[in-house]
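Undergrad: Sequence:
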Amino acid sequence: MTEKIIVIGANGQIGTELVNALRNIHGAEQVIASDINDPVYAIKNTGPFEFVNVLDKENLHHIFQKHQPTQVYLLAAILSAIGEQKPKMAWDLNMTGLIHVLDLAVEFKVSKVFWPSSIAVFGPHSPQFDTPQYCVMDPNTVYGFSKLAGERWCEYYFAKYGLDVRSLRYPGLIGWRANPGGGTTDYAVHIFHEALKSGKYESFLSAETRLPMMYMDDAIRATLDLMNAPAESLTIRSAYNLAGISFTPTQLAEEIKKIIPKFEISYAESDPRQAIADSWPKSIDDSYAQKDWGWKLEYDLPAITADMLTSLKKNI
Numbered sequence: 004m005t006e007k008i009i010v011i012g013a014n015g016q017i018g019t020e021l022v023n024a025l026r027n028i029h030g031a032e033q034v035i036a037s038d039i040n041d042p043v044y045a046i047k048n049t050g051p052f053e054f055v056n057v058l059d060k061e062n063l064h065h066i067f068q069k070h071q072p073t074q075v076y077l078l079a080a081i082l083s084a085i086g087e088q089k090p091k092m093a094w095d096l097n098m099t100g101l102i103h104v105l106d107l108a109v110e111f112k113v114s115k116v117f118w119p120s121s122i123a124v125f126g127p128h129s130p131q132f133d134t135p136q137y138c139v140m141d142p143n144t145v146y147g148f149s150k151l152a153g154e155r156w157c158e159y160y161f162a163k164y165g166l167d168v169r170s171l172r173y174p175g176l177i178g179w180r181a182n183p184g185g186g187t188t189d190y191a192v193h194i195f196h197e198a199l200k201s202g203k204y205e206s207f208l209s210a211e212t213r214l215p216m217m218y219m220d221d222a223i224r225a226t227l228d229l230m231n232a233p234a235e236s237l238t239i240r241s242a243y244n245l246a247g248i249s250f251t252p253t254q255l256a257e258e259i260k261k262i263i264p265k266f267e268i269s270y271a272e273s274d275p276r277q278a279i280a281d282s283w284p285k286s287i288d289d290s291y292a293q294k295d296w297g298w299k300l301e302y303d304l305p306a307i308t309a310d311m312l313t314s315l316k317k318n319i
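Quick note on this note's numbering: the sequence shown kicks off at 4 and runs consecutively.
Because the hints were derived from the structure by calculation, they are not lab data. The reader is advised that the hints may include incorrect statements.
As the list claims (entries may be wrong) - Subject to a maximum C-alpha distance of 27 Å in a straight line, what follows is the list of computed BS3-like cross-link-like pairs (lysine-lysine):
| id | residue 1 | residue 2 |
| --- | --- | --- |
| 1 | 69 | 115 |
| 2 | 260 | 203 |
| 3 | 299 | 265 |
Remember, predicted model here, so these are calculated numbers, not experimental data.
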């Protein structure tokens with residue numbers, strides 16, 4: 004079967020890399036990148052592009068009707084840090100956009116939908132270490148509870164309409180091909196840029212703030228592995244935990260110093276993102292992903308550090 008795939012929110016940190024990966028697999032013309040803004044350099048000249056506003060259902064309906072997609076990846080969202088600055092806008096975009104896409108996916112009989120969740124669905128009363136798939140979930144950010152509500156909508160559409168929606172609770176994501184989008188874990192991308200540019204970095208998170216993180220190559224591979232898994236092997240229809248590796252800004256800085264010995268890190272006195280980070284898990288249990296679709300992490304902290312610095316040095 005020939006796939007026709009729409010990626011909504013293609014200009015973002017995940018979308019930029021996912022579009023290229025999908026085009027390499029299915030062919031450039033089969034993957035329609037879409038975003039509310041002009042296409043970024045990485046996808047501009049490699050295949051079709053449509054301007055899409057997920058809050059404009061009429062516009063979205065036209066795109067579905069025009070392309071008749073077999074798969075849709077909905078990546079458009081307002082992330083955690085920006086979401087706290089614009090809470091009602093974040094809720095509207097993250098929720099209304101998802102429901103628009105789910106409704107159209109049912110109407111146009113889309114075979115599979117991917118929508119990303121996040122470790123932000125957990126909160127201060129969730130277990131902090133090896134956070135399990137099922138536990139207390141009391142997120143205290145707009146981003147977090149929009150993702151938790153989104154998970155419930157995805158499972159609802161699967162149960163009520165038979166829509167094959169698949170999702171991952173991404174940890175913090177680290178990549179060099181695109182800029183991060185305003186999340187609490189963005190320090191782990193900014194630090195590499197500043198290490199190469201100035202040899203120093205002021206972290207907005209404290210020295211011992213431990214968070215689950217993942218290299219973008221692993222995140223893209225996990226996304227494609229989940230989407231390629233047989234439907235009958237999937238036991239989670241909300242969103243799968245995805246663990247990555249857990250480290251602190253201090254540990255990341257020490258890895259960078261092994262390659263750039265004169266690198267210096269300092270820490271901001273206070274930043275609103277610290278409170279968000281403190282409410283999130285320190286490590287994640289992703290045993291369901293391992294069991295159901297054979298998930299296995301490839302990049303550890305030394306491998307991430309080496310690849311980020313090598314790749315950025317060539318591109319900045």
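Undergrad: Taking 27 Å as the top limit, are the C-alpha atoms of residue 299 and residue 265 close enough?
TA: 34 Å, violated
Undergrad: Between the alpha carbons of residue 260 and residue 203, is the straight-line distance 27 Å or under?
TA: Within the cut-off at roughly 11 Å; holds.
Undergrad: Quickly compare the C-alpha distance for residue 69 and residue 115 to 27 Å and report which way the hint goes.
TA: Holds, at roughly 18 Å.
When each numbered hint is compared with the structure, a violation occurs for hint 3 only.
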